[in-house]
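**Student:** Given next are the chains, with one letter for each unit.
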Amino acid sequence: MNIDSIQNGIVIDHISAGNGMKLYELLDLNRLDCSVALLRNVNSQKLGRKDIIKIDQEFDLNLDLVGFVDPQATVVVIKNGEIVEKKKLDLPEVLINVIRCKNPRCITQTEQEIVHEFRLSDRVNRIYRCIYCETKA
Amino acid sequence: MRSIIDILDLSVEEIDELVATAQDIIADPKKYAEVCHGKKLATLFFEPSTRTRLSFEAAMYELGGNVLGFSEAQSSSAAKGESVADTVKTVSCYADIIAMRHPKEGAPLVASRAASVPVINAGDGGHNHPTQTMADLLTISREKGTFENLTIGVCGDLKFGRTVHSLINAMSRYKGLKMVLISPEELKVPSYVKKDVLVKNNIPYVQTTDLESAMGELDVLYMTRVQRERFFNEEDYLRLKDSYILTPDKLKNARKDMIIMHPLPRVNEISVAIDDDPRACYFKQVLNGKYMRMALIMKLLKEAGTI
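Chains A and B supply the protein sequences, listed in that same order.
With the numbering used here applied, the first sequence covers 1463 to 1599.
With the numbering used here applied, the second sequence covers 4 to 310.
Think of the hints as simulated: they come from the structure by calculation, not from any bench.
Predicted, not measured: the structure shown is a model, and the values here were computed from it.
A hint or two may mislead.
[What the hints assert, rightly or not] Straight-line distance between alpha carbons at most 25 Å, and here's what the computed DMTMM-like set of lysine to aspartate or glutamate pairs gives: (1) A:K1550 - A:D1490; (2) A:K1598 - B:E272; (3) B:K147 - B:E37; (4) B:K191 - A:D1584; (5) A:K1564 - B:E188.
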């Protein structure tokens, strides 16, 4: 299957197979007017299978969100058809307005325009907790 | 601006300093009678309370200060939908320090980020209640003379019981602690408290459903109420509410120097027949709570440069 290479934009590569659609939705990529390709279950020497997202325009990517969903993914920035930057991701220490607390007793359920903030409490098990009520994400 | 939202916002040294101040207040209350003259405490209670609100108010009056506030959400603009942040921004214009109770977990943290005066968490849902823990710590200090090498049994609702979580957190910082966690299966201490506090700090602990068999080894028995307001399902509450009722015959195996604590209010989990037992300390806790709140109000106002 051929997908055109992009001139100016972003490629999110090495996404664990199955996480591509999740990232597509969380990044709200359906709102973009440009070409966006989501490739699923692509053969990969490193991962066996992987997903890839290609965005054909410059885009202010929320790296914390990508790192939270899939810290092993890589982000490549392309300008004039050349790779100008490769970003390796990690689990972010803090997530701001990426996810919402599910605890019905949490103040975030009712407070107007509150900042939804989570802190990494256990890196090994990838556990984030809401800073307000300490509930697990 | 320093606020106290969680008991862990205070270092062990600061707890020791507050306990020492409280002891000094007890020894010489006149020395502190005008410390907060002309200063105002706002008590913002979005949820009913007897002890905590009156204790904060008594504390401020005994420091020579004044008090304003409300005792239920319905008598504030919260009933009109005003946010916590807007409420405390408003109150910051009138008061020098705020004590807030709110049914939503994390509300005092939101308040502390918005307020321009110190905020003290006076209980946020089933989450934190640091000044209750301060009352508990002063009680343990006065009755046992130390925080070290104690075996503490906590009994009742260990799932939603914020006082229990805060106490475990606070005591985990002292040497030689052993915890005995006594609860029905459905109300066990959440796994994150065990993992993040007990396991992380290498604190030996036992989980049991049997209060009487655990009794003999305890230095402190901390009873709690099964709280109706924490249940979404009334049936679950009714099934679990009478899980543990402490009566004189259940104390047969207890040590003579064990102390019985309870954050109050009690419903029926401690028989009134125990009130006259010299080991019963729950009304002493109430009094100790006032002294610790006095010490905390002074500390925060001093740090803010208000007094």
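**Student:** Broken hints, numbered, in rising order?
**Tutor:** Hints 2, 3 contradicted; others consistent.
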